[in-house]
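Heads up: the sequence lines are chains B and V, in that order.
When we follow this note's numbering, the leftmost residue of the first sequence carries the number 400, and every step to the right adds one.
When we follow this note's numbering, the leftmost residue of the second sequence carries the number 400, and every step to the right adds one.
Source of the hints: derived by calculation from the structure; they are not laboratory data.
Each residue gets a CB set at the ideal place from its N, CA and C atoms; glycine is no exception.
Please note that a few of the clues may not be correct.
To be verified - Examples of chain V residues lying across from chain B (beta carbon under 7 Å, computed):
1. S454
2. G584
3. L608
Claimed, not checked - As a list, the in silico DSBU-like pairs of lysine-lysine whose alpha-carbon atoms are at most 30 Å apart:
4. B:K424 with V:K666
5. V:K548 with B:K486
6. B:K552 with B:K490
7. V:K606 with B:K552
8. V:K490 with V:K548
9. V:K568 with B:K571
10. V:K571 with V:K514
Number of protein chains: 2
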Amino acid sequence: MNILTSKVEASRANEVDATNIQFGKSYSDHMLVADYIDGVWQTPQIIPYGNISISPATTFIHYGQSIFEGVKAYKNIHGEVAIFRPKDNNKRFNISAERLAMPHVPEEIFVGGMKELVALDSDWVPNQDGCSLYIRPFMFAIDEFIGVKPAEKFRFMIITSPAGQYYNKPTKIYVQDKYVRAFPGGIGFTKAAGNYAACMLPMLEVKALGYDQNLWTDGIEHKYIHEIGTMNVFFVLGDKVVTPDLSGGTILAGVTRDSVIKLLKEKGITVEERPITIDEIREYYYKGELKEAFGTGTAAVIAPIAELYYDGQTLELPPVDEWQISNWVAKHIADIRYGKVEDTHHWMMKVK
Amino acid sequence: MNILTSKVEASRANEVDATNIQFGKSYSDHMLVADYIDGVWQTPQIIPYGNISISPATTFIHYGQSIFEGVKAYKNIHGEVAIFRPKDNNKRFNISAERLAMPHVPEEIFVGGMKELVALDSDWVPNQDGCSLYIRPFMFAIDEFIGVKPAEKFRFMIITSPAGQYYNKPTKIYVQDKYVRAFPGGIGFTKAAGNYAACMLPMLEVKALGYDQNLWTDGIEHKYIHEIGTMNVFFVLGDKVVTPDLSGGTILAGVTRDSVIKLLKEKGITVEERPITIDEIREYYYKGELKEAFGTGTAAVIAPIAELYYDGQTLELPPVDEWQISNWVAKHIADIRYGKVEDTHHWMMKVK
Numbered sequence: 400m401n402i403l404t405s406k407v408e409a410s411r412a413n414e415v416d417a418t419n420i421q422f423g424k425s426y427s428d429h430m431l432v433a434d435y436i437d438g439v440w441q442t443p444q445i446i447p448y449g450n451i452s453i454s455p456a457t458t459f460i461h462y463g464q465s466i467f468e469g470v471k472a473y474k475n476i477h478g479e480v481a482i483f484r485p486k487d488n489n490k491r492f493n494i495s496a497e498r499l500a501m502p503h504v505p506e507e508i509f510v511g512g513m514k515e516l517v518a519l520d521s522d523w524v525p526n527q528d529g530c531s532l533y534i535r536p537f538m539f540a541i542d543e544f545i546g547v548k549p550a551e552k553f554r555f556m557i558i559t560s561p562a563g564q565y566y567n568k569p570t571k572i573y574v575q576d577k578y579v580r581a582f583p584g585g586i587g588f589t590k591a592a593g594n595y596a597a598c599m600l601p602m603l604e605v606k607a608l609g610y611d612q613n614l615w616t617d618g619i620e621h622k623y624i625h626e627i628g629t630m631n632v633f634f635v636l637g638d639k640v641v642t643p644d645l646s647g648g649t650i651l652a653g654v655t656r657d658s659v660i661k662l663l664k665e666k667g668i669t670v671e672e673r674p675i676t677i678d679e680i681r682e683y684y685y686k687g688e689l690k691e692a693f694g695t696g697t698a699a700v701i702a703p704i705a706e707l708y709y710d711g712q713t714l715e716l717p718p719v720d721e722w723q724i725s726n727w728v729a730k731h732i733a734d735i736r737y738g739k740v741e742d743t744h745h746w747m748m749k750v751k
Numbered sequence: 400m401n402i403l404t405s406k407v408e409a410s411r412a413n414e415v416d417a418t419n420i421q422f423g424k425s426y427s428d429h430m431l432v433a434d435y436i437d438g439v440w441q442t443p444q445i446i447p448y449g450n451i452s453i454s455p456a457t458t459f460i461h462y463g464q465s466i467f468e469g470v471k472a473y474k475n476i477h478g479e480v481a482i483f484r485p486k487d488n489n490k491r492f493n494i495s496a497e498r499l500a501m502p503h504v505p506e507e508i509f510v511g512g513m514k515e516l517v518a519l520d521s522d523w524v525p526n527q528d529g530c531s532l533y534i535r536p537f538m539f540a541i542d543e544f545i546g547v548k549p550a551e552k553f554r555f556m557i558i559t560s561p562a563g564q565y566y567n568k569p570t571k572i573y574v575q576d577k578y579v580r581a582f583p584g585g586i587g588f589t590k591a592a593g594n595y596a597a598c599m600l601p602m603l604e605v606k607a608l609g610y611d612q613n614l615w616t617d618g619i620e621h622k623y624i625h626e627i628g629t630m631n632v633f634f635v636l637g638d639k640v641v642t643p644d645l646s647g648g649t650i651l652a653g654v655t656r657d658s659v660i661k662l663l664k665e666k667g668i669t670v671e672e673r674p675i676t677i678d679e680i681r682e683y684y685y686k687g688e689l690k691e692a693f694g695t696g697t698a699a700v701i702a703p704i705a706e707l708y709y710d711g712q713t714l715e716l717p718p719v720d721e722w723q724i725s726n727w728v729a730k731h732i733a734d735i736r737y738g739k740v741e742d743t744h745h746w747m748m749k750v751k
């Protein structure tokens with residue numbers, strides 16, 4: 400695929416304070432833009448990062464046809480820059496696109512364009528341990544029409560921002576039994592913009608109570624566990640690892656989730672993907688068998704849980720430094736990303 | 400409230416073909432813009448309609464904090480321009496805003512700004528019967544940050560577009576039993592952009608089967624009726640009018656819905672707001688007592704239903720010209736709007 404590239408005159412990469420990288424504070428020199436018009440993807444362009452000009456009648460502002468992905472690029476110990484599993488994010492992006500009545504973005508644009516963009520802005524990829532270049536692909540409907548109907552024109556873009564070391568202070572989690580994030584027949588399994596908007600108020604309410612995130616449950620009984628904030632969730636119950644299965648269409652199929660499951664199984668640990676109720680978690684807790692609990696996602700990778708609040712009770716997890724499974728898997732994923740162990744799954748796609 | 404106004408040099412109002420007004424094809428000369436920064440609404444501005452410039456990292460693109468309203472202004476038979484119930488749309492807008500963790504828009508901006516905008520662009524209000532100026536107030540989050548968190552800066556805007564006579568061809572409705580629009584604990588009662596995005600694919604699928612719209616049902620049993628496409632729904636069962644109640648938080652509290660209920664009750668007709676199942680509708684149908692069925696909304700006002708498809712069965716309604724109740728209420732609302740009968744409810748707010 401041909402990509403038209405228009406470079407900046409001078410890079411802003413030196414504006415980033417390498418000793419204190421703040422996610423989302425700076426965006427790299429360039430961005431990728433590709434429009435879908437009359438059923439055809441137009442030639443993608445890599446251009447200087449900057450504002451876009453849109454009509455106030457642009458359909459996605461009003462009707463929310465907008466989806467995104469989160470991906471990361473790393474500079475490994477050999478100085479090479481590589482992206483973690485971009486093809487898997489491309490597949491998931493297209494699953495979101497189908498449910499939102501938007502076109503697939505082909506691999507040559509999504510992955511090919513991403514590689515070219517990251518290669519061009521490789522000075523923006525931090526080389527400190529725990530740091531990365533966060534990559535944000537997104538697509539939105541750009542018809543200029545305020546009638547309610549599926550759009551016909553779309554814009555796909557990629558922007559990137561350096562991300563610092565994520566501070567893995569164990570989180571305090573509130574098991575949500577009032578608000579509902581997702582339900583069967585809805586769009587919970589997609590990375591649609593609207594899913595996140597619906598979670599802002601519940602997030603504010605539990606933060607005001609001293610919690611970091613919601614643990615979402617099903618909308619019928621508020622018993623079956625879905626996911627945490629913007630992460631998938633895992634529990635170590637006795638010697639088994641358990642995580643909610645994806646069959647209900649209410650949980651995002653996390654790429655980090657999939658990586659964790661694959662690595663744990665390879666190590667010979669039993670991983671069960673199945674429905675889990677909060678009652679089951681409580682039973683294991685009172686037996687002393689709730690050993691570890693953590694979220695997984697592109698941003699935090701592995702986010703340990705310090706405590707779970709549910710219906711008047713607080714379940715406290717053991718100290719994180721005693722955790723065998725999640726600490727191992729977190730380190731192993733990091734080692735793959737920074738080139739310290741062999742990448743047997745071919746998860747790292749080198750860009751240059 | 401002070402509003403800064405910057406007028407166009409020459410109006411484009413003559414570009415509208417008065418004999419063939421197409422909704423959403425033209426937008427009037429001016430638009431209103433007001434930003435919410437550091438907890439304070441900045442001075443609203445009325446400026447020439449045109450593109451806005453936003454960062455690709457603007458939070459609403461990614462996380463969907465975006466809500467809207469639909470309102471209409473009419474030119475009555477005395478040549479006066481008046482807006483239908485704008486304060487009620489303001490109230491509902493602020494209910495949406497709260498659920499989406501966005502600020503209230505005060506009446507002096509929402510209603511006051513709307514009055515001034517419509518007064519300035521009054522040449523854009525059509526004076527043909529059945530025509531109106533459609534008014535679209537909307538608000539979206541404008542922080543430049545791609546981390547998932549509630550935004551702090553917001554933009555409120557109003558744009559307008561002339562709307563022609565709505566062709567009330569009775570609709571063919573598909574009772575949806577696979578996809579779900581709204582769920583208790585979710586955001587179904589709001590006019591959030593994301594609610595509409597989730598309905599695009601189901602809309603395309605039923606159109607491909609020859610139907611105009613979905614009739615949404617509850618997500619648990621797919622039995623309880625919610626609403627139609629983007630409208631509330633009413634049934635005439637025997638001599639009573641029945642419409643789903645709003646208690647579940649899954650149905651939009653339509654301003655047209657409210658107007659219809661008030662007018663019918665005044666006329667002495669029994670109106671029941673209560674849960675309704677599709678089974679009950681079928682029972683009345685087979686008794687010959689399903690007399691009328693219609694949607695209500697700002698766009699169509701009253702949209703008669705020709706047939707309902709559910710689970711292999713088609714329920715055909717009697718010919719619309721025989722319908723007593725909906726034809727009366729549609730005409731009565733129109734007569735209020737065009738100044739042909741007294742506006743006893745003070746629903747029409749004159750702008751000049």
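Violations among the numbered hints, reported as their numbers in ascending order
Of the numbered hints, 3, 4, 9 and 10 do not hold.
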